[in-house]
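All chains, please: the whole structure from these sequences, using the hints.
From first to last, the protein sequence lines are chains A and B.
According to our numbering, the first sequence is numbered sequentially starting from 1.
According to our numbering, the second sequence is numbered sequentially starting from 295.
The set of hints was computed from the structure by calculation and includes no laboratory data.
Every residue, glycine too, gets a C-beta built ideally from N, C-alpha and C.
Keep in mind that a hint or two might mislead.
[Said to hold, decoys possible] So, partial list: chain A residues that the calculated Cβ filter (under 8 Å) puts toward chain B: (1) 52; (2) 53; (3) 54; (4) 71; (5) 74; (6) 82; (7) 88; (8) 90; (9) 92; (10) 102; (11) 104; (12) 105; (13) 238.
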Amino acid sequence: MKDNAIEINHLSRSFGKNQALNNLNLSVKRGCVYGLLGHNGAGKTTLIKTLAGLIIPEKGAALINGLNPRNLTTIERQKIGYVSERQNLPTHMKVKNLIKFCSGFYANWDHELTQRILTQLNISKQKKINQLSQGQARQINLLLALAQHPEILLLDEPAANLDVVARREFLDEILNLIRQQERTVIFSSHILSDIERIADEIGILVKGQLKISASVDELKETIKKIRFYDFTGKVENFEIPGAFTITHLKDEILATLQLAKPEEIESIANRFRCRYEITNLNLEDIFIEITKSS
Amino acid sequence: MKTKNQFWPLFKFTFLSNPYILCWTVFLLIFKAVGISSLIPEDIESSLVYNDDMSYLILPIFLCLHIFYRSNKEFLWTRAINRKTEFWAATLAFISIPVLSSIIFDYSAAFYKPCISIIVNKESASYYLLQNLEKCLLYSSL
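Shown next, in the form of structure tokens:
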């Protein structure tokens with residue numbers, strides 16, 4: 001079995017003039033919870049739908065379990081769970097009929113887990129999908145994806161449109177369920193706190209391109225905002241390769257950089273003959289700085 | 295890993311999840327039952343493609359098939375469903391709805407036609423009743 005559950009190579013896809021994905025490369029290790037961050041329209045849904053086999057790439061390839069998601073057999077598809085950003089469940093069906101319908105397609109459907117989650121969520125099996133609240137419908141959607149015991153779980157904004165309390169409960173639920181068994185999870189959201197809580201690794205998508213991909217701790221440790229000041233000479237051509245942003249102020253310069261080693265900053269300050277001050281960034285700041293750079 | 299037979303659950307799903315096709319079928323069959331001549335002038339009627347066969351149901355069937363796939367693609371295609379089985383189950387369900395409706399309508403014509411004719415034509419119900427009872431008996435004898 002390959003180490004990577006997901007491999008994406010030079011993936012591009014556009015819709016008319018809108019370039020949704022632009023030469024995107026990504027690999028996600030087995031057992032990793034990967035959070036995709038990005039503004040609306042950054043390409044998160046297109047990427048997840050491509051992995052689910054719902055969208056055909058124009059260029060490049062997306063492989064899930066080493067296979068093209070468009071050509072999966074029913075047995076291979078049993079290993080993949082998908083929760084859509086939209087409410088895509090058939091609204092005319094009762095919860096019990098929907099579960100019965102879906103369970104028939106999976107050999108290892110967990111009826112015990114289904115019952116346990118339904119009791120936990122306090123959702124009546126007799127209710128129709130259109131009688132459920134938005135949060136309950138999303139929970140049913142997640143339940144359908146989890147009860148099949150997938151190896152890979154694709155969650156596209158699963159907690160969108162939920163209020164703060166419902167979202168927190170919902171995410172706790174997800175966390176409990178995915179941590180119990182080692183699953184690879186791709187989780188998209190534009191809510192940073194959600195991603196920070198559950199993701200092992202984070203990828204920030206900007207205009208269809210993956211700007212950065214690393215663990216939350218690594219991002220916080222390496223991406224810093226630096227204030228350069230007390231320049232001894234005239235500042236000309238202040239450029240730092242790979243900097244996300246550089247802002248020139250009256251007597252100082254602010255730059256957001258990814259520092260592989262802390263000593264790097266010392267050499268930059270020596271080069272421009274100035275002093276410096278490092279500010280740590282939280283995930284929200286990092287996200288804003290990275291998206292601002294584009 | 296074996297799963298259950300997928301055809302009949304998918305057939306049932308398609309059959310029951312589509313109010314569009316049922317509405318269209320019922321609407322068109324009522325239209326057929328009433329008789330187009332009672333609603334529009336003769337010269338216009340002759341230029342219309344509507345006739346006794348069910349060819350006029352092809353367009354709504356395709357339209358509904360399209361709507362069905364648009365609204366359920368994401369739900370169905372992300373399950374462990376065999377695409378070929380899904381296609382044939384959906385096609386059979388879509389064809390069977392108007393066919394079954396038509397059979398039921400033809401057999402029950404004796405009962406619904408007089409009611410519709412009273413509303414639309416304001417003609418004698420007994421005439422239609424007799425005419426369609428005869429038709430019904432003919433069907434039964436076949």
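(message) A closest beta-carbon separation below 8 Å is what the hint needs, so does residue 88 of chain A meet it against chain B?
(response) holds, 4 Å
(request) Go through the hint on residue 54 of chain A and say holds or violated, using the shortest Cβ distance to chain B against 8 Å. (result) Holds. Min distance 6 Å.
(message) Quick check on the hint: residue 53 of chain A CB to chain B CB, less than 8 Å?
(response) Status holds, d = 7 Å.
(request) Under 8 Å, Cβ to Cβ, is where residue 52 of chain A needs to be relative to chain B, so tell me if that hint holds or is violated. (result) Hint holds; residue 52 of chain A Cβ to chain B Cβ min 5 Å, cut 8 Å.
(message) Restraint: residue 74 of chain A near chain B, CB-CB cut 8 Å. Satisfied or not?
(response) holds, 5 Å
(message) Let's test the interface hint: is any C-beta of chain B closer than 8 Å to that of residue 104 of chain A?
(response) Since the shortest Cβ distance to chain B is 4 Å, the answer is holds.
(message) Quick check on residue 92 of chain A please, does its C-beta sit within 8 Å of some C-beta on chain B?
(response) With a closest approach of 6 Å, the residue 92 of chain A hint holds.
(request) Using 8 Å as the Cβ threshold, decide whether residue 71 of chain A counts as touching chain B. (result) It is violated, given that the least Cβ distance between residue 71 of chain A and chain B is near 10 Å, above 8 Å.
(request) Double-check residue 105 of chain A for me: the hint is only fine if its C-beta lies closer than 8 Å to a C-beta in chain B. (result) This hint holds: residue 105 of chain A lies near chain B, its Cβ roughly 5 Å from the closest one there, short of 8 Å.
(message) Interface hint check: residue 90 of chain A, Cβ to nearest Cβ on chain B, cutoff 8 Å. Holds or violated?
(response) Holds, because the Cβ-Cβ distance from residue 90 of chain A to chain B comes to roughly 5 Å (cut-off 8 Å).
(message) Is the interface hint satisfied for residue 102 of chain A? The criterion is a beta-carbon contact with chain B at less than 8 Å.
(response) holds, 6 Å
(request) With a cut-off of 8 Å on the beta carbons, see whether residue 238 of chain A makes it to chain B. (result) Violated, about 49 Å.
Against the hints set out earlier in the document, violations occur for numbers 4, 13.
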